[in-house]
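Asker: Top line first, the protein sequences correspond to chains A and B.
If you read the first sequence in the working numbering, its first letter stands for residue 1, the second for the next number, and so on.
If you read the second sequence in the working numbering, its first letter stands for residue 1001, the second for the next number, and so on.
Derived by calculation from the structure, the hints in this document are not laboratory data.
Keep in mind that the hints are not guaranteed to be accurate.
Cross-link-like lysine-lysine pairs, in silico, DSS-like; alpha carbons within 30 angstroms at most [to be verified]:
| id | chain 1 | residue 1 | chain 2 | residue 2 |
| --- | --- | --- | --- | --- |
| 1 | B | Lys-1206 | A | Lys-492 |
| 2 | B | Lys-1370 | A | Lys-456 |
| 3 | B | Lys-1578 | B | Lys-1551 |
| 4 | B | Lys-1065 | B | Lys-1206 |
| 5 | A | Lys-456 | B | Lys-1028 |
| 6 | B | Lys-1541 | B | Lys-1370 |
| 7 | B | Lys-1028 | B | Lys-1164 |
| 8 | A | Lys-456 | B | Lys-1163 |
| 9 | B | Lys-1370 | B | Lys-1540 |
| 10 | B | Lys-1562 | B | Lys-1578 |
| 11 | B | Lys-1370 | B | Lys-1206 |
| 12 | B | Lys-1164 | B | Lys-1562 |
| 13 | B | Lys-1201 | B | Lys-1212 |
| 14 | B | Lys-1377 | B | Lys-1562 |
| 15 | B | Lys-1562 | A | Lys-492 |
With beta-carbon atoms standing in for the labels, derived distance ranges [to be verified]:
| id | chain 1 | residue 1 | chain 2 | residue 2 | range |
| --- | --- | --- | --- | --- | --- |
| 16 | A | Val-375 | B | Val-1451 | 31 to 37 angstroms |
| 17 | A | Ala-481 | B | Ile-1592 | 40 to 46 angstroms |
| 18 | B | Ile-1014 | A | Trp-475 | 15 to 21 angstroms |
| 19 | B | Ile-1014 | A | Val-26 | 47 to 53 angstroms |
| 20 | A | Phe-463 | B | Glu-1365 | 41 to 47 angstroms |
All C-beta atoms, glycine included, are put in the ideal place defined by N, C-alpha and C.
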Amino acid sequence: MGIRDLPILSIVIFMPLLGSLPLFFVKKERVEFIRGWALFVTILTFFTSLSLYFNFDQNSANFQFQERISWIHELGISYHVGIDGISLWLLLLTTFLGPITVLCSWSAIMERVRDYMICLLILETGILGVFSSLDLFLFYVFWESQLIPMYLLIGIWGSQNRIYAALKFVIYTMAGSLMMLVAIMYLYFYHKNQAGFFSMNLLDLYNLNIPYSIQLILFIAFFLAFAFKVPMFPFHTWLPDAHVEAPTAGSVILAGILLKMGTYGFLRFNIPMFTEASINLAPFMYILAVTGIIYGALVSMVQPDLKKLVAYSSVSHLGFVMLGIFAFTVQGIQGGILQMVNHGLSTGALFLIVGILYERRHTRLIAHFGGLSRVIPRFAAIFMIVTLSSIGLPGLNGFVGEFLIILGTFISSNPYSTIAAIIAASGVIFAAVYMLWMFQRVMFGVVTHEENRYIKDLNLREFAYLIPVLLFIIWIGIYPATFLRPMEGSVKGIVVTVEKKMGKGNSIVFAVDKRITGDWR
Amino acid sequence: MLEYIWLIPALPLIGFIINGIIGFRIRKHVVSLVGCGTVFISFLIALMVFREFILLDPEQRFFQKILYTWVSSGSFNASIGFQLDPLSAVMSLVVTGVGFIIHVYSIGYMGHDPGYPRYFAFLNLFMFSMLILILANNFLLLFVGWEAVGLCSYLLIGFWYEKKSAADAGKKAFIVNRVGDFGFIIGVILIFYTFGTVEFKSVFEKLPGMIKAGAVDPFLLTVICLLLFAGATGKSAQIPLYVWLPDAMEGPTPVSALIHAATMVTAGVYMVSRSCIIFAYAPYALDVVAFIGALTALFAASIGLVQNDIKRVLAYSTISQIGYMFLACGVGAFAAGIFHLTTHAFFKALLFLGAGSVMHAIEGETDITKMGGLKEKMPITHITFLIGALAIAGIFPFAGFFSKDAILAGAFERSPYLWFMGISGAMLTSFYMFRVVFLTFYGESRFPHEVSHHIHESPPVMLIPLITLGILSIIGGFIGIPMIEGGNRIGEFLDPVFHNATTILGKAHHEDFLMEVMLILISLIIALGGIYLAVMFYLKKTYLPGYFQEKIPSAYRLIFNKYYVDEIYDYLFVNSIKSFSIWLWEFIDTVIIDGAVNGIAYLTRGIGSIMRRIQTGFVQSYALSIIIGAFVILAYYLFRIRM
Chain A
1 MGIRDLPILS IVIFMPLLGS LPLFFVKKER VEFIRGWALF VTILTFFTSL
51 SLYFNFDQNS ANFQFQERIS WIHELGISYH VGIDGISLWL LLLTTFLGPI
101 TVLCSWSAIM ERVRDYMICL LILETGILGV FSSLDLFLFY VFWESQLIPM
151 YLLIGIWGSQ NRIYAALKFV IYTMAGSLMM LVAIMYLYFY HKNQAGFFSM
201 NLLDLYNLNI PYSIQLILFI AFFLAFAFKV PMFPFHTWLP DAHVEAPTAG
251 SVILAGILLK MGTYGFLRFN IPMFTEASIN LAPFMYILAV TGIIYGALVS
301 MVQPDLKKLV AYSSVSHLGF VMLGIFAFTV QGIQGGILQM VNHGLSTGAL
351 FLIVGILYER RHTRLIAHFG GLSRVIPRFA AIFMIVTLSS IGLPGLNGFV
401 GEFLIILGTF ISSNPYSTIA AIIAASGVIF AAVYMLWMFQ RVMFGVVTHE
451 ENRYIKDLNL REFAYLIPVL LFIIWIGIYP ATFLRPMEGS VKGIVVTVEK
501 KMGKGNSIVF AVDKRITGDW R
Chain B
1001 MLEYIWLIPA LPLIGFIING IIGFRIRKHV VSLVGCGTVF ISFLIALMVF
1051 REFILLDPEQ RFFQKILYTW VSSGSFNASI GFQLDPLSAV MSLVVTGVGF
1101 IIHVYSIGYM GHDPGYPRYF AFLNLFMFSM LILILANNFL LLFVGWEAVG
1151 LCSYLLIGFW YEKKSAADAG KKAFIVNRVG DFGFIIGVIL IFYTFGTVEF
1201 KSVFEKLPGM IKAGAVDPFL LTVICLLLFA GATGKSAQIP LYVWLPDAME
1251 GPTPVSALIH AATMVTAGVY MVSRSCIIFA YAPYALDVVA FIGALTALFA
1301 ASIGLVQNDI KRVLAYSTIS QIGYMFLACG VGAFAAGIFH LTTHAFFKAL
1351 LFLGAGSVMH AIEGETDITK MGGLKEKMPI THITFLIGAL AIAGIFPFAG
1401 FFSKDAILAG AFERSPYLWF MGISGAMLTS FYMFRVVFLT FYGESRFPHE
1451 VSHHIHESPP VMLIPLITLG ILSIIGGFIG IPMIEGGNRI GEFLDPVFHN
1501 ATTILGKAHH EDFLMEVMLI LISLIIALGG IYLAVMFYLK KTYLPGYFQE
1551 KIPSAYRLIF NKYYVDEIYD YLFVNSIKSF SIWLWEFIDT VIIDGAVNGI
1601 AYLTRGIGSI MRRIQTGFVQ SYALSIIIGA FVILAYYLFR IRM
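The shape of chain B in the complex, shown without the other chains (with noise of 0.2 angstroms):
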């Protein structure tokens, strides 16, 4: 079974190849067949390889499925192969199983769109792409697949392409994500000029007996390292490169949830977990990644507070919640931040899809302030939402707090101020969730009334992933229980793939037992405590929202417009490099180049039409000039005599 690995990014990419070419020609329930079917093959060639491979010993659990040389050139190569180790099977089983479970729910949710059989190539094409990503077995594959989802994320976020909003933000997507794609390139080139590789087993080998032969300058893994984290901040949306995640919300919903918070934004958490030795022996970049994952989890979370658009809301709490991830591989606890990329695939793609189905029932109204009371109205999508609310607010014994633990503990351990960070930005979490929860689906109705009375639960084929998805969140948590003996099974699976980084990190020894109880304690104290607030804020005593508006305005405005950050962003470089241009442009190609050019030409002409009066063709004049001449010449030689 191993063999046909390659089989598993193959099938979607069939599929987008059908409904590109031809979807538009055949009928809309093909386009579905061929969309999910594919995907779901995957799903189950994923599932037969999973199981095939935990019969292994831990220690054989690798595989490689080489297919050609892609590109080679001196003693540079780079191939089309595949690999499979605990990371990667991990990975293609989130990636296909909610993948699988989206392509679903898109059915109902984009039943009506005329666009159906484009949405279905482009969302097959992003399920190749990821795949590609999360399988290849080298730097400049991965690069592919990294590559090729930041198109997809372009094409999907821009699906509603009519509406400029939305190119708009496929277009800034795609260009923030090639500034931080610039360093990542640079990041592999330098890998190839060190190692003389980029296939990732040989790099990762070599790489201990480099160090120990002092045949690699630390400072360079440093450089490496943070090149490739560059990258990571642009496709993981992490400061300073965010600012185009928020934005990506004009696509429809489903992408949000698939491209947008399951999957391909935590390409970078998986894309530094790979690089995970490189890192371990880079320990100042590390705690770049730290810093920089624990500030954006804080940051993020608080912007999101005071949204009031349910999708920008989830959108910032993408951002935070893969700054925890990136917190996890910063402090060294590469499994948490993987299993918590898993628990958050499953409950942050339920909380999209849940906003989606609210959306669908009040004709894509996204502004909480204007809803309130679906809870009747629509039971299934209300619990179901509730469970990804406290699933991701790490409440016991959803999914998000066995992953959210994990972290925290990790962070502790490395140093209280990046906990401390770490427990603030849960705080903010649980609150401003349970903000939307209540805003959303408790209290009194503030929808008009004419859209109020067509308020209705989604139909079957979106309920289905929603439960699905919710049972994942209820549940998924169990795969990485602390403390208990054999109760980390994610945490041990993963191990061989990040046992040689930790022991060099130090992080062999395991903690406290009654610290690591108290820090669970206190992470759900303060869980509960967001919520408590969030119950008085939006239940309770709901002129305390517009109380604290009043109270400190500044503070409010400068959160509620995030910071001003795209402002500063416009002002600094877009427009200065707009600007520039033009001046390259007008002055320097017009001006200056051309009006060289021309000046030559005229210069030419002018003299040309001096010279033209010389040749008068008059005898007399040019009798005159050979007299002149001749006097010159001659008084030149006089002149010399003398000398």
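The following block holds chain A by itself, in its conformation from the complex (with noise of 0.2 angstroms):
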């Protein structure tokens, strides 16, 4: 029996969630090895997922290790899971994550511990699900599934003002997610209509011929959904808050995965079954990403509270994702799908820096650090390269994602899309401003609080998961092709579904790129 028989992708999606239930059955009092437990079974998760990327097919364009068994047979609901070259990287970096998150808790969460890897574990599986599920309801499960236990982990194991940002990340998503599910119901019914059966099935829903008015309907309730987890301006303000209170693991997984899952969602259902909604909405779009590109920039500058900055950067950076999507370019879309991991990466290991940081201090304020070069080098040397690769510079991940996402949008032939990337390649000149400030009043300087003299630098478990980001940092920067080759298929596909419908009189997306290169396909 080859692997490919095996149905693999369930295994990854359920392996997390399986392994939380011997948790359970633990007295709590035993921490390390609940501890150690989830880290086995994260680690394990994360093996098993790349068995997906060995056996990706790199020149399909179609969803690989589909599952698909009937649910509710009658409402023509089924489990029906899939990944394709979008969702294989989100997927991934969920898996990579997952044991970076046990680890830098390891320390930081003294109280609950069981509760707390419970929670963990199962947000994986609901994240997992996520980026996986091929049927709108199951979508629907798992996307409110992870949910709660995010609720616990901001609401439980956060600082002070912990159920104000819990009860406002809650509410922001769940308004969001519910105008999708009337949506989704009234894909549903619609489908019932115009094919004659009731199907749940995202393949099936792809070839709905639907009226613009009601695309442009649909794409708003979806839209919603996602533009306040990605989150766009001016649908951002829960984020900051949420993750000032987060501890550690909690924003890492907040901007490393979660974010993503607001992005991913435009890809997956706004653009290949609103498509001329979304052609036309597009100006509309890039007003918001740029607008999110320049404002998070230029807010970040001002935050004294660390892990504010990065949430506010946060807003930067999805805004060039949102921007490269919406290009409706190869390398516009590439480069948005590419900036996700990078940012997964890059900004999840901003925050696991501020954890380091909070853990040894007990303080975020950028006026309480200065001077910690001295005291931390090696601390100061990976929290540079992280900065970099923050900032986009070259050799590093970043800039493979921003530079994609500019070109991309730069020969896109929507309306605006020039002046919409001559205005977002100027907010990587305000990123290097407030990166390089924070770096500056937090490492450089001499030591002005007496308690910054005796911070103690990385440990062994702190190498340990802070390397792994590093390495993947780097490798993205200098060989991209890793990432962007078994996306290509998938990327193209979305592509073709756009311009077809450009065909149709509506504008001439893709005429650029053609000219220059004859076709590509």
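Starting from the two chains in their separate frames, assemble the complex, guided by the hints.
Answerer: Given below as structure tokens:
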């Protein structure tokens, strides 16, 4: 029996959930065992998920590792999972960050360790489910189910103002999700009308022929769910609050993965299903994305709190992702997806770094630091590399993503795309300003607070979870082909979908890209 | 041998990795060996490559080595590939050669610094980045080197990061460069948009055909060139983005010599020369390059007149000299620009290292008004510094004489006004340079007794680099002798690279012999005049500087404060953006958006609490509501019927 005969995708998705079950029966006091077990489960999940990469057919644009079991047959609902070149990377990013979130909580979380680890593991399954669902009902179940553990993570293990933040996070997300639920129900009945049978299957729904006016409404409903999640300006104010209150692992998951559920949603649902609406609303998306890029960067610049600074920088980075996605060019979308991964690594690492500082000094205020380079040189070196990755230095991961996004947007023939690309590129200047200024205030100068003189440098465990992140940061920077190649097919698929709809006389997206090289297909 | 050009950048990278990761564990001389050794081998390889290269026919002097495809997406492709042609061959020799000399000097200069391994790691990383920049075979890889040298500059300016001014200066350098790079990257994207590739060879080969076929808008080419040049004004410290370079003097002096004088800051000149064909089809952009270059040459030289910090004078001098190089490019004399880049690398590195030698002896003092009389105590430093000063002033037969003359000749041909700006700058240059020489090495010692007691000549490890550069500054000019047949070897060597561009610009003809002799004589007289004035001001009639300061105080203050450009930028950009950001955060984010979100929450709660009042639980009130409701419905229907 080959590996392809195993329900490998389901194994990966549910491994963390299954791994959490034994923990219910372990005594609360055995924290070392609980941590070790959680680490074991997450590492095992990661290595199992690697087999998805190795068995992935890079030349195919189709969904692979598909599994389909009828769930509620009469209603056309099934357990249907599968991944393409887009979800592959988000899935791997999730499993990769799994062990890291366990490791970074090792000494940071001292209370209710068992419940905490259970939350982390269930959360992981929820996220993996979101990225691999091909059934809208299933998708919605996973989408909502990851809310609960995240709510608990912020609400129980957060800092002072955690209840406000947790509530804000949940209500924001719920408000959007409910719109999406209505839209899903509409699609479901619409499919019954058009095709004659009930289906929640995404691949069936892709084939629907939806009139433009209805597309517009459905687009907006999905848009609300995803834009809240991304978060796009002006729906972002829950993010700084949630980050500031969440424990380190919560922030890493939130920034690293949860936000990508929004951008992923646009790619998976809005663009393929409501293509005409997407095309016509692209300039509107540009405005929000570009505003987010500049706004996030500027507001980030004046934050006194490290976590808030990184949180606002996420608004800026995710603006880039959205811009790339709505360029409808291969470069833009590939850059956007790569940037999702990049942001997961770089911003994830930044939150880990802030967490390390917080654990030692119990403060996140920039003003409380200064001169740390002399005290903790190894930490300084790693912090520097992550900072540079975040500001898009060539040779590291951020540059490849940002460059492809700017390029892809620039050559897209959507209206206003050129000007959007130029403004977005200027965001790179501001990124350097807020990151380097922050770095200087934290690390350079002389030690001004006596307590900072005795901070300990990184320990082995911290090295163990930072080094892999660094390796990927460098890898993507110097050899992005590993990541770009498998997503190529799926990305081109999306571009072709858009292009076909454009052929109906809407616009001319592809003209430019073709003029240069002839046909790439 | 050509196959191995990738080793030239790779070796310093290895040095960086070794010193960066285990440098603090191994012994100091191993660190020095790794740091200097890797660069030395790079230099040897560059030499061998060069030797093999000149044996080829001039037409065949082009070689590409593509390692792998780096970024490939849709129709976009950029590879990690290296290209060797006369231009990159010259550049790689200059960079590895001068780089190696400065590495050796650093052993002595940085010997007592606790950050020694870190220093060499960064220096090697710089060599790697700079070599990537000049050997890249496409615009995107060039940009990688371009940003990476900026990073090294940031790291090395802020090497003594505990000093706030140093950390500030590093950050300023990075951010100002990013402003230019913003233009540069848009330029690269426009190149891809226009040509469908970013590889040098294909872009340059496609362009003439596209022009002929009318397939490219000349206006677009002008825009591309101006965007690229915007990047160059950042990296090469030209108006309006020059402001970071004087502050960059916060870094260790060998760093100023290597990065902020000899190599990195000239990257813009290299890039413009590399893209000479595009520029040749965009004459307006070339005019901008020439004008900005000439203006910067004059402007920076004027600031250099009154600065008292020896390194800052040299920094303004560098800005000014790079201005000359851009002037050369702008008037189409690309070979002269690269020639001046080479000689400038020799004599400016020499001047910086000489200044470093002085600072080393006098415990880091940089104020020339507090020096004086070092001639006897530091004879070798004095002689070599004097050679550097004569070279930059353009005195025959020192290196600067030939290269500056080549530029001025080119400028005269294009426009006498540009030539006049250049020649005026030359006058200022020789004046401020000899002002430094006289105040530092001549006259009475103005040091406090306890300092002057300790003054000593630097160790051999620092003097040998000085002497080597001194020799190069004397003989370096002879690779480009004008007027004599076969004398302009560098010009001929570079000709295959610039030939097409100069043909397009109509530069092929030789200028009038008599005219050229005249120009050379004039510039020589001007340079000597500058030195004469410096003699008058700082040796003979030392009351003169004070007299002029009192006579025209406002002009003096204006120049002494560098025309207040930093203050203007701070006011226009830094402060206004900061207050705008605070307004965004405290008003838009907190009041408007969060206010709306919380407002909805309060509204919901408010409505809820009103609704709660209705649900009293008393049957009577429910009955009352039902009756009222019934009446309302009834009334409605009655009303409707009447209508």
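Asker: Look at each hint and say if it fits the structure.
Answerer: Hint check:
no.: 1; hint: B/Lys-1206 <-> A/Lys-492; in the structure: 28 angstroms, holds
no.: 2; hint: B/Lys-1370 <-> A/Lys-456; in the structure: 44 angstroms, violated
no.: 3; hint: B/Lys-1578 <-> B/Lys-1551; in the structure: 40 angstroms, violated
no.: 4; hint: B/Lys-1065 <-> B/Lys-1206; in the structure: 20 angstroms, holds
no.: 5; hint: A/Lys-456 <-> B/Lys-1028; in the structure: 26 angstroms, holds
no.: 6; hint: B/Lys-1541 <-> B/Lys-1370; in the structure: 18 angstroms, holds
no.: 7; hint: B/Lys-1028 <-> B/Lys-1164; in the structure: 28 angstroms, holds
no.: 8; hint: A/Lys-456 <-> B/Lys-1163; in the structure: 23 angstroms, holds
no.: 9; hint: B/Lys-1370 <-> B/Lys-1540; in the structure: 18 angstroms, holds
no.: 10; hint: B/Lys-1562 <-> B/Lys-1578; in the structure: 24 angstroms, holds
no.: 11; hint: B/Lys-1370 <-> B/Lys-1206; in the structure: 58 angstroms, violated
no.: 12; hint: B/Lys-1164 <-> B/Lys-1562; in the structure: 21 angstroms, holds
no.: 13; hint: B/Lys-1201 <-> B/Lys-1212; in the structure: 18 angstroms, holds
no.: 14; hint: B/Lys-1377 <-> B/Lys-1562; in the structure: 33 angstroms, violated
no.: 15; hint: B/Lys-1562 <-> A/Lys-492; in the structure: 55 angstroms, violated
no.: 16; hint: A/Val-375 <-> B/Val-1451: 31 to 37 angstroms; in the structure: 33 angstroms, holds
no.: 17; hint: A/Ala-481 <-> B/Ile-1592: 40 to 46 angstroms; in the structure: 44 angstroms, holds
no.: 18; hint: B/Ile-1014 <-> A/Trp-475: 15 to 21 angstroms; in the structure: 19 angstroms, holds
no.: 19; hint: B/Ile-1014 <-> A/Val-26: 47 to 53 angstroms; in the structure: 49 angstroms, holds
no.: 20; hint: A/Phe-463 <-> B/Glu-1365: 41 to 47 angstroms; in the structure: 43 angstroms, holds
Consistency note: the structure conflicts with the earlier hints numbered 2, 3, 11, 14 and 15.
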